Structures are given as C-alpha cells and as structure tokens.
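Residue numbers for the first sequence follow the numbering used here, beginning at 1 and rising by one.
Since the hints were made in silico from the structure, they are not lab data. Please note that a few of the clues may not be correct.
[Said to hold, decoys possible] 25 Å max Cα-Cα, derived SDA-like pairs, lysine to any residue:
#1 Lys-113 <-> Lys-14
#2 Lys-14 <-> Val-52
#3 Lys-54 <-> Cys-11
[Unchecked claim] Label-pair restraints from in silico Cβ distances:
#4 Glu-18 <-> Thr-127: 13 to 23 Å
#5 His-84 <-> Lys-58: 32 to 42 Å
#6 Glu-72 <-> Glu-17: 21 to 31 Å
#7 Leu-28 <-> Ser-90: 22 to 32 Å
#8 Asn-64 <-> Asn-89: 30 to 40 Å
#9 Lys-54 <-> Tyr-29: 11 to 21 Å
#10 Ser-90 <-> Arg-55: 34 to 44 Å
All values derive from a computational prediction rather than experimental measurement. All C-beta atoms in this analysis are idealised placements derived from N, C-alpha and C, irrespective of residue type, glycine included.
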Amino acid sequence: MNTFKKEERLCSKKLIEELFHNGSSFLLYPLRIVWLKNSLPIKIPAQVVINVSKRRFKRAVDRNLIKRRIRESYRLNKSENLYHFLNENSTQLLLGIHYIGKEIATFNVIDKKLKLVLVKLRQNCLTDHS
RNA sequence: AAAGCAAGCCGUUCUAUCGCUGUUCAUUCUAAAUGGAGAGAGGAAAGUCCGGGCAACAUAGAGCAUCCUGCUUUCUAACGGAAAGGAUCCGGUUUACGGAGACGGAAAGUGCCACAGAAAAAAAACUACCUUAUGCGUUAUGCGAAUAAGGAAAAGGUGAAAACGUGAGGUAAGAGCCCACGGCUUUGAAUGGCGACAUUUAGAGCGGUAAACCCCAGGAGUUGAAAGACCAAAUAGGCUAACGCAUGUAGGGCUGCUCGUCCGAAGUUAGUGGGUAGGUCGUUAGAUCUCUGCAGUAAUGCAGAGACUGGAUAAAUGAUAGAAAUUCCGAUUUAAUCGGGAUACAGAACCCGGCUUACAGGCUUGUUUUUAUA
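Please take these sequences and the hints and turn them into a complete structure.
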C-alpha cells in the first residue's frame, strides 16, 4: 500500500544532476521543491530525493530526524495525491525536496505543507503540459 | 539522615497501526513476487588527537634536514595509553596520608630577563659608608660641611628574581676573603635497590629561563576503504576475420595542368581488448565478549567453559497515537488525588586499542562535614 521502496528513491547520479540543472522549482516554506518531467527506466510514477543542508543543521541527528519526517509524510500521501494523477496522465517525475527551515518542524506541520506541495505540483504539471 | 567530593555502573519501558535495511524458510517455471520467522546505533557511534591491523605504491646501504617523544621498571600487537614506583612542588595533625604535572641537559655554546630599580650577570656606585687630596669655617695635629680621585654590594629602597643563608673573625670601610653551622648543584667512592634513586663520605662549586635557539638519547617511507580487487549494459570509437568493391573501384595527397607516384574507403555480419553508467567483493567472528580457576602488589597474562550474524551507500535502524515509569511545579493538603510540564548528550560508514570532550536523571562504593538518636 503505502510502501517506499528503493525504486521510488532517486539514487542515480546522472538523473540527480539532470534534475538540478534542468528542473523547475518553487518554494513553499519550509520546503523547496525541484521537479522535472522525465522518462524513467522502470515503471514507477516518480523518484524522489530528500535533502537537508548541513549548513543549517550541524548535527547528524537533527538532519536524520527531518529527513525521516519528510519521508514518512511523502510515503503516506504520495499514492493518493500524486501517483493516481501521474498514472492518469501517464507521466513520470523526478522530484527533489529541500528543507530550508531554520528550526526542526513537527510532523504535523511538515505533513500539512507536503500535502499543499503535492497539490501545487499537480497544477504546475498541468500548465506545463498545456 | 542530609549535603559536598572521588571512583565505578546504568542511561526510559510497553501496546496498536503503517513503513525501512539485511538474514533465513516456504510457495510459484528462472527472474522476481508473496507469505512466515527472526535480527537491526552508542557510552560516548562524536572530536579525528595518538597507536595498530589491513591495502596500494615506494624501497641497495649510510648520513643530513624535518617532525615526534623525553624520571624508572613493567604491561601491551602498539602507543603520546595503563600499572607500580622515584624525585620535585602543594596541602596536612609536618607522623600517617592526600593532591599536581611536556619530570633529559643551564658545568657545551649563543641569546633573553618587561616595568621598577644604582645595577638583571666576565658586572655595576643613586643615597648613605670608608680612605686620600684640595681649599674653607672654627681658638683647634681635632671636628664640621663642600669638591675631586679611589675603595666598597655590607645598609636603603625596587623587583618574579639582587650574587647561597645566619653568626663570629677580618678590615679604613667591606666582601665565601677566612672560619663554624646550614641549604642547594655536581664529580668520585662505599652500601642498599633490576632501576629511577636513597644513605654515608671526600672533592669542586653557588641567579633564572630549554613551552628561546641549542645539545643528548630514542623513534618516524608515503597515502588512506573515495585504499584496493573483480564483473560489466547501451552508445561512440579501436583491432581482427569474412562478405562486398577493385586486373586497387569511388575518393584523397603531391602538381598550375597532365603523366606518374603514394594513401585508400564507405556498407553488412561475426568476434575481441580497453573502458563509462551500474554492480559484486573488500565489509563485519574479532588483539571479541561473559564467567570460573591459577600467576602477579597491579596493569595484565595463561588455562577451561559458554555466548555472538547491525552492515546502510543521495546512506536503513523510523513515524503517528495511547499508556506506564522517573522527576519537577501548582492546587486540595496526613497519606494520597488532580492539573500542567520535563526525560539529556547524541546517529555506525573498513575494523580494533586508547585519549579528549558532551550528557536529563538514577544506582553502588569510599570519604569529609553537619544534624539527630544510642
């Protein structure tokens, strides 16, 4: 159901480079999203990479905590809010999520924001398509 | 009992739902998927400060430079770590005992010693002191002050430190100049100790600073798992063979042109070396941990028995909800109840041994003080 397997994560160096060079982005505090339509080698609607900068959070524990919260929220929301839509339009996405807040947000805040992000992402995809 | 100090140990738990990374078993035709079972961060995983394993490269031998270490003995794979001891300094009831640390050499040489002070090191004379000379005052072979030359570190005050301290002698005044006692350094001898060193004795001597250069003794090849080993798609290009083309063709170079001469395809198929993305190994069973016995003051060693799958790689070990535990605050206040908080420091990245630093709260042992009781 709400799985989050390795195929759904963005691991390839090449694709990551392509995403950050050519992708378009928008800001929805405390998240910054980079996205790019692309054809993937496997049958997965989207691959995602989550990033928390070392400059903002010096301790590894804090970075891990934020990453885990974002990942968990993405895992719970993706199939309902994103995969369904992508499958209908038969597109594949590369997705980068940066955390740019200065303090560690609670799960509730992150979850709410990520839902808004996915909604906005769908709108952007549609306008880009047309 | 409370508080302080020191050492050692522990460092939240359970349930539900949804996930993540390995392992193993079963099922389906391999691939993969599904299901079951079981495992999954630390005392510091941190800082990356020492040491070692491991790996690659380098390497005749010796020396210089550079860097590191620096009381002794022992332990250890090794260490800048540890244990036991020695000397020094500090505290103390000056016995006992406790604490501290870059603890070789200042008698190889060079340098430096702020401010203050006369002077900070082969000495030096500001005040005061002593002698001599000069002229002056006074009744005066004396006394007094002045000037000049010399003596003198004894007195003054300065300083972190003032030429070893105290006393007696000595002298014009003085000085380890001489003597007695004492302190320290160093050399020789004797005794004790594996040794650092201690005690006794004889001689020589007497500012500090080596975290200044330096001297002495010992040590160090360089780079780190992004080390290194292996497999290897697609695309492009390389090589080989066959077909194809050719009595060496199309085409190109030399030339102003011709002749001549030199080079010589494209394409198709098959094979192949290197190598990129990517993947596998390295990579987790080890100087391992626990218990017992023996040896040793101890660090530690030896013997026996038992135990043990974290292994990620844009980087797993989680999220949410509820309950419990510990503790703090407030209220009602005998106990207890209710409400509200807090639960630290911190996340493996090849692996070990140390060191250092961070840390809510709790436990144990020792010790000191205070109070209460006997």
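| task | Hints the structure violates: just list their numbers, smallest first. | result | 1
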